[in-house]
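Colleague: So the chains spell out like this:
Number of protein chains: 2
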Amino acid sequence: MDIKLTTGKTFPISEEESLLQALKRQGVYLVASCGGKGICGKCRVRILEGKSRITSTGKLVPQEIKAGISLACQTFPEEDIFIDIPKESKLIIGDKIALSKSGNLSELLKSLGAEISPIVRRITLNLPPPTIQDNISDLERLRKSLEERDITGIRFNHEFVSSLSDTLRDAGWKITLGYTVGHDIVYISPDDVEKGRYGLAVDIGTTTVVVYLVNLIDGQLIDVGSTYNSQMRYGDDVITRIIYAAESGGLGELRDSVLSDINDLLNPLLERNNIRREDIESAVVAGNTTMTHIFWGLNPAYIREEPYIPTVNFFPRWRAETSGIKINSKAPIYSLPCVASYVGGDIVAGVLASKMHRSNEIALFMDIGTNGEIVVGNSDWLVTAACSAGPCFEGSGIRHGMRATEGAVESVNIDPQTFEPTLGVIGDTKAMGICGSGLIDAIAEMFLKGIIDRKGKFVKGLKTGRIKDGFEGPEFLFSRNESREVVLTEVDIENILRSKAAMYAGVSLLLKEVGLGLDAIAKVYIAGGFGNCIDIDKAIILGMLPDLPRERFFFLGNASITGAYLCLLSKDLRQEAGIIASKMTYIELSISRGFMDEYMSALFLPHTHLRLFPTVQKLLSTQ
Amino acid sequence: MDIKLTTGKTFPISEEESLLQALKRQGVYLVASCGGKGICGKCRVRILEGKSRITSTGKLVPQEIKAGISLACQTFPEEDIFIDIPKESKLIIGDKIALSKSGNLSELLKSLGAEISPIVRRITLNLPPPTIQDNISDLERLRKSLEERDITGIRFNHEFVSSLSDTLRDAGWKITLGYTVGHDIVYISPDDVEKGRYGLAVDIGTTTVVVYLVNLIDGQLIDVGSTYNSQMRYGDDVITRIIYAAESGGLGELRDSVLSDINDLLNPLLERNNIRREDIESAVVAGNTTMTHIFWGLNPAYIREEPYIPTVNFFPRWRAETSGIKINSKAPIYSLPCVASYVGGDIVAGVLASKMHRSNEIALFMDIGTNGEIVVGNSDWLVTAACSAGPCFEGSGIRHGMRATEGAVESVNIDPQTFEPTLGVIGDTKAMGICGSGLIDAIAEMFLKGIIDRKGKFVKGLKTGRIKDGFEGPEFLFSRNESREVVLTEVDIENILRSKAAMYAGVSLLLKEVGLGLDAIAKVYIAGGFGNCIDIDKAIILGMLPDLPRERFFFLGNASITGAYLCLLSKDLRQEAGIIASKMTYIELSISRGFMDEYMSALFLPHTHLRLFPTVQKLLSTQ
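If you're matching them up, the sequences are chains A and B in order.
The numbering of the first sequence is my numbering, which starts it at 1 and goes up by one.
The numbering of the second sequence is my numbering, which starts it at 1 and goes up by one.
Hints in this document: simulated from the structure, not taken from any laboratory.
Please read these numbers as outputs of a predicted model, since none were measured by experiment.
One should not assume that every hint holds.
Note that the list lumps identical chains together, so a pair holds whenever it fits in one copy or between two copies.
As the list claims (entries may be wrong) - Pairs of lysine to aspartate or glutamate, EDC-like flavour, derived with a Cα cap of 16 Å:
id: 1; residue 1: K326; residue 2: E494
id: 2; residue 1: K583; residue 2: E140
id: 3; residue 1: K4; residue 2: E17
id: 4; residue 1: K583; residue 2: D134
id: 5; residue 1: K174; residue 2: D191
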């Protein structure tokens, strides 16, 4: 039995296989936030020809079903089948979030006063060739020469010693040696061979994976690669990943997924820049606690079970060959240290990149990504919490939510009289869905223009045809074209309010814990690729960000990869990252008595206590 | 085409395969000192039925050929073949040399004042279980607990961390940890599990491999295993092995051979004593420099090329999994350090076992094995040399030479009137050949009784039918029975004189180098399994040992395995072994100007200068 795509591709499929599985097997990845359980409704395909058994239609509305739309994960062909995969169903690489770049990295490095000091140290040795009088062994000759340069205690691995005799003789006893502070040999090469020094900074996000190829001599960012974390196939958030990891073989599958992502990103970088794999001598990875555990193949199960204990926070510097990253096999991999089960190395990296840990002023750091982590503090102290905000700003759990790719509504203005919306769509094309910044805009506008009330419910009796009864209750129609409607439902709005409430309540609670008010915050750092696209004013109207003067807000972009880049290049900054992680006090919100109150108060637009949002209060009063 | 043995075994053979190869493939090992080149003449078989192509008859005499004897390595069957393998052709395990035991080892350990301190340290930890307040990661919890016991800097390997979370929880947070001074984790186990502590001492001789299974708690020797080093298939001495290693794949083959020997010895030891493989937590290997290199898979080529440089003398403590010994995969393997290309860890182990390095008195240490190594010195200094004595005392290069197994002539007395010999044969059976001690006896007797002159040549005109013209010139007939003659030829005698001359010249030269005379030597330690069987008086008559008062001679047996045992049990003694190896000054005899003179003088019986052998002089004058 065959499956044929409108692109012309044809390949075999069996009766027991869902379309999703068969497509995945062929390297055609669909968005499947729920991991193929028929819940998220994202893996839509249009069946053009052929009979199939459909086990569930999930969130599909009747007119979609009529139009031949089916969920790939719930569709099992009964004969040759011909399908079309709509754009919005495809996992596409290269969206705004994944590619969000940091600023001038070398400038940042300089501003931190850090000298370039990579993880691998390099030394050139000119050994005296042996004679019958000076007949110590090759390894002792090397040891002696290192001792003369005050380098002792090196651990010589077996592979290195196995090739030592020939290497020394081939090199005419003049060699370059790479070794780590932990005293492992990374490489040996003839001195007269030009050997580049390259490193990788890797950000393993729950959703995206970003790789920086860096010249370790001058700190130059040579090239960048990014892709979706293909663990997405198994679920959108860390919890579904942890659950999947516990299934037989699940951990290995998840680990292999992200490793393939990294290695697949690496290949074109090497080729494009004409760099040899073995010349990549070190790597730094930053990820949340679960992502880092999975990357190293460590069981993340206990992260999720009370009392929420990771296996490791400070990861040993294992070698590339242990990790599976295909660079110099002995290259040390530095993992940004984690703080707790839900505050990981990505946040430590972000704080490092923000420099808030060096300042007397109190700052608030917010990472608005798949999860939501916040840090408050300064050079003396740091407190942190994870908000379980959920990935709704990345499109998950929102009827027409999508990531910031072509076709996503990213900005919304609504006419106060006619309630007609004006949409900004990425790629200036037809709207296919709404991305995170679009959601913020949409809700802020709907609230300001009186379409929804402070509880997020549609105001009854408005003169507009845009509000209609949908599949899940009332919804607002943003656009409609031949292929698709884009709506925002009351359920969607509820989900977003929950997310923003979780984040705001987290901030409130952290401040309460340290006995400070909002006004104590001198700076707010917004991290996460998504952060870059936010309209601060709208996010304050939503009540997601605290109502502070706009000049206190700073966008860091992907601060996790920035921090990884810094650690790749500087010993001092690696040390600082360690200090940051040790210093941070983690507050477990789920058991904090005050959190639920804060959360309930924040479920309103912008908040139960309007006085906390004076600029919004003012805006509303002038409307 | 089949090959059938008189034992009843039948197995296939192809035309291109020599009988030697086919037998080897089936696990039937023949003595083949030359590695199957048709030179040594040891792999004799008797062809009872079947035609075959014989490419060379080597050293076989016409009557042997007539009797159907053929060299297995030179015989290629042309049809089904039926053969008998004479006893003396078989490699037999369990000869006197291989099984030669050391004395009371625990006594020796005690006499060295060494406390039991194995390579792996053990600690029991009772960790506080995590709570939501005390939520550091599992690894940090362990680190903290170790720090409280002043153990820092442990390197946690990936495998260990991978299983840590489950192990800690399964063990109820009470664990036993094994780790090395080098800060590697070896094992973790629940505290309430009774865990034995065992170690292996391994002597890798050029000819034999001996394994001691030791209880690391009380130092008790639990069991012993020994076998031939199956590298013997590729040649008798280290030089042929080095050459074979250089051939494609040769190194791997040699390494696999000795590893199989060790692992094959280990299996019955574990079974007999009901010990789990993973409870063997450490091992010590002692071998000469070539054997140690091959054991670790290191190319020994440069050992043989001027200026004779080993890759390593002081071996890193790699893990069992790296070595291939099938014990706890993370068990550290300590290799006795080597001194130079031809003075290895076996000699360092021997010196340690002799205690000569602790005494003010000057001692001479002689290892009479496949090679011949000597050490002179005391607690202040040590000099050493290798004599290239060759393996003729182990039967190699001697027409009817054999190892000390059943059927070997081990002692000889000759009637001064009739010249009729009285033979002591191992196993009180028919003589099949002469072993090392028999050779010493035979030549000393023949010399004392006037059958050979001081040059080792047969005296002409003696009234005896025992001297006859053989295949290679004159020879002395020791015994004859239906199956076989046992003779000693003039060529054999020449070979032995060369061996003993090399050893004696080595001793003379070392003493000259340090400006001492023979009389300075207060003690002579004879090591090597073979040493135990030597008649000191006869060896002095031969001029192999210096003519010193008999009470100065001490037999150490297999001092290499004794030294390995000591290092397995004591940190101080491992340190001492390192000091011994560092302290020893190696004299390269082959380039020493005085050596050739000394050697030429020592080619006589007992020596050119009879005055050096006063007791022999006296004996001769009274005859």
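Colleague: Quick one: which hint numbers does this structure break? Sort them smallest to largest.
Modeller: Those not satisfied come down to hint 1.
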